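Trainee: Top line first, the protein sequences correspond to chains A and B. Read in order, the letters of the first sequence correspond to residues 79 to 332 in this note's numbering. Read in order, the letters of the second sequence correspond to residues 38 to 358 in this note's numbering.
Do not rely on the hints blindly, as some may be mistaken.
Just the calculated beta-carbon pair ranges, DEER-fashion [claimed, not checked]:
| id | chain 1 | residue 1 | chain 2 | residue 2 | range |
| --- | --- | --- | --- | --- | --- |
| 1 | B | Glu191 | A | Met141 | 37 to 43 Å |
| 2 | B | Leu181 | A | Gly216 | 34 to 40 Å |
| 3 | B | Arg108 | A | Met141 | 45 to 51 Å |
| 4 | A | Glu196 | B | Ala258 | 25 to 31 Å |
So, partial list: chain B residues that the calculated Cβ filter (under 7 Å) puts toward chain A [said to hold, decoys possible]:
| id | residue |
| --- | --- |
| 5 | Thr71 |
| 6 | Ser246 |
| 7 | Leu338 |
| 8 | Glu341 |
| 9 | Gly345 |
Output of the computed footprint for chain B on chain A, the stretches with three or more beta carbons under 8 Å from beta carbons of chain B [to be verified]:
| id | region |
| --- | --- |
| 10 | 111 to 122 |
| 11 | 125 to 131 |
Simulated from the structure, these hints should not be mistaken for lab results. In this text the structure is predicted, and so the values were computed from the model without any measurement. We put the CB at the ideal spot given by N, CA and C, even for glycine.
As a plain string of letters, each chain reads:
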Amino acid sequence: MIETQGVSKRYGDALVVDDVSLSIPKGGFTSIIGPNGAGKSTLLSMISRLTPMSAGSVLVDGMDVTRTPGNVLARRLSILRQDNQTSLRLTVRDLVAFGRFPHSGGRLTAEDLRHVDEAMDYLRLNEYRDRPIDELSGGQRQRAYVAMVMCQDTEYVLLDEPLNNIDMRFAVDMMQLLRRAADEKGKTVVVVLHDINFASCYSDHIIAMRQGKPAYQGTPQQIIRDEVLRDLYQMDIRVHEVDGQRICVYFRMA
Amino acid sequence: MVLNSWRSPALRVLLLTVLALLCVVGFMTLNVQTDWAFILEYRGSRLLALLLTACAIGISTVLFQTITHSRLLTPALMGFDVLYVLVNTLVLLVWGGSELAAWPPALRFALQVLVMVGLALLLFRLLFSGSVRSLHLMILLGMLAGMLFRELSELAARVLDPSEFGISTGVPQASFRRINTQLLGAAAAGLAVAGLLLLRWRRCLDVLSLGRDIAINLGVAHGRVVLGIMAVVAILVSVATVLVGPTLFFGLLIANLAYWFTGSQRHCWTLPASVLAGIICLVGGQLLLEHVLASTLPLALVIELAGGLLFIALLMRGVRQ
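Build out the structure end to end from the sequences listed, making use of the hints.
Mentor: See below:
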């Protein structure tokens, strides 16, 4: 379980994340949604110790993220931010293999190689294995980074807007893959999402943030509702049930 | 290992090693006219100084570029070489020359390296805390820092009694033309200490080049490791500067030659390649100028010119992107 206790982030006078105490259950797929500037990404990066907190603490399975040694945490929790641009000339396979660093410290064992191959298969990257990552398209590169995180083989997998800049097909692919990681491998997947329809169709649990605080939490049935979304985004959003999925319509209002 | 193709970095590093060895042998044996014992000792000490310099500058530049994620920034460009010159005079000013004169030169060097590490870490945190985002502004700041340190060091030298200044470790006067061979032992010891420290973090280096967030995700204690590596860089800069004085573009030249020639980003290839490129440039260059071309053109001038042109080319390419 991930627990945040009174977590805040302040940049000068701006309070980006405001005294957040919440818990994310172990297992399943949790989405964090909310308007721009709600503090979703900042909260995620504080949970994963990438950004220092101004106040509060975060516990992952009881371990304080600011005090636990980095390599211990790296075997329990992985984080992938958006915009992973690199000028490094690395092949896809080399990048994915870095995911084993917390386990092997840079010397790959047979066990590590098995994980690397499995992650490459899982993200269908085998045909690109020897291609340099800077020659890949945005969607392929994103998949390579997700494969790195998958091969890190952590209980908790945190992703900040993994669907950014990738087209519909790859986006559906990615969400299905993350869903499978939760269902088949029992991982706890936590994702910051902009597209509320993806959040609606794939999540077990949704945390809706506004102005640095979680405004609503619950299952998609509880959160993906006209009145909740209107309050959250301050706009008219109609929820329709289509083929058993709750779909939000907000593109053109009468 | 993987020697199956000419593209393999291992093969290329091997090639560089052979080339560097040829330069070393040529440097020691070409045109020996007088008695061998004298030549071996005279050339040997200069060779050793050049080898130590190539190691110090080659390794420090690649490490610095890894922790700053840039192929353009080097310790020399950011003013760290001149910072060591400043430390050299400041230590004399603060402790008093007459007292320090009683110290063995190696101990004086050790004291200066300690002060240098402290100040270099401070300067590094100041420049690279994240507030300066533009690369061009960073280069400008580095050059300004270099100028400031140079002026301060000259000011401090004027304050010093000329006799006290005379017992400084000879740094302000050291250059490729007047290599400081008195401190070879101390410089070698400094290099060894830096190497031992670096061993602790050798496996983190490749991970660091993936960027801060990914390095932290993979369990590297980023802040601490980066400062540790910067301390290693500061020791290496001291070693190089005490031997040959401040350089400007030499590190940039050999580090980029290493990346280009190995075609790899792995530190197990780029670090040795950068050192070997340094040896080929310094020892081979000296050999070529002195014995083959019989030219009086200073080596430093040729190297800095080549490095300067490369700097402009890299800068222009950055602008176009």
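Trainee: Given a cut of 7 Å on the nearest C-beta pair, is the interface hint for B/Thr71 held or broken against chain A?
Mentor: Not OK, violated: B/Thr71 not within 7 Å of chain A, min 50 Å.
Trainee: Holds or violated: B/Glu341 as interface residue toward chain A, Cβ cutoff 7 Å?
Mentor: With a closest approach of 26 Å, the B/Glu341 hint is violated.
Trainee: Could you see if the CB distance from B/Arg108 to A/Met141 stays within 45 to 51 Å?
Mentor: Given about 38 Å between the Cβ atoms, the range is violated.
Trainee: Does the closest beta carbon of chain A sit nearer than 7 Å to the beta carbon of B/Gly345?
Mentor: Since the shortest Cβ distance to chain A is 23 Å, the answer is violated.
Trainee: Does B/Ser246 meet its interface restraint, that is, does its C-beta lie within less than 7 Å of any C-beta in chain A?
Mentor: holds, 6 Å
Trainee: Would you check whether B/Leu338 satisfies its interface hint, that is, whether its CB is within less than 7 Å of any CB in chain A?
Mentor: violated, 32 Å
Trainee: Do the beta carbons of B/Leu181 and A/Gly216 sit within 34 to 40 Å of each other?
Mentor: holds, 38 Å
Trainee: A range of 25 to 31 Å was offered for this pair. Does it hold for the Cβ distance of A/Glu196 and B/Ala258?
Mentor: Since A/Glu196 and B/Ala258 have Cβ atoms about 28 Å apart, the given range 25 to 31 Å holds.
Trainee: Between the beta carbons of B/Glu191 and A/Met141, is the distance compatible with 37 to 43 Å?
Mentor: violated, 54 Å
Trainee: Check, residue by residue, whether the region 125 to 131 of chain A contains three or more positions whose beta-carbon lies closer than 8 Å to a beta-carbon of chain B, and give the verdict.
Mentor: Satisfied; 3 residues make the cut.
Trainee: At a Cβ distance under 8 Å, does chain B reach at least three residues of the region 111 to 122 of chain A?
Mentor: Result for this restraint: violated, n = 0.
Consistency note: the structure conflicts with the earlier hints numbered 1, 3, 5, 7, 8, 9, 10.
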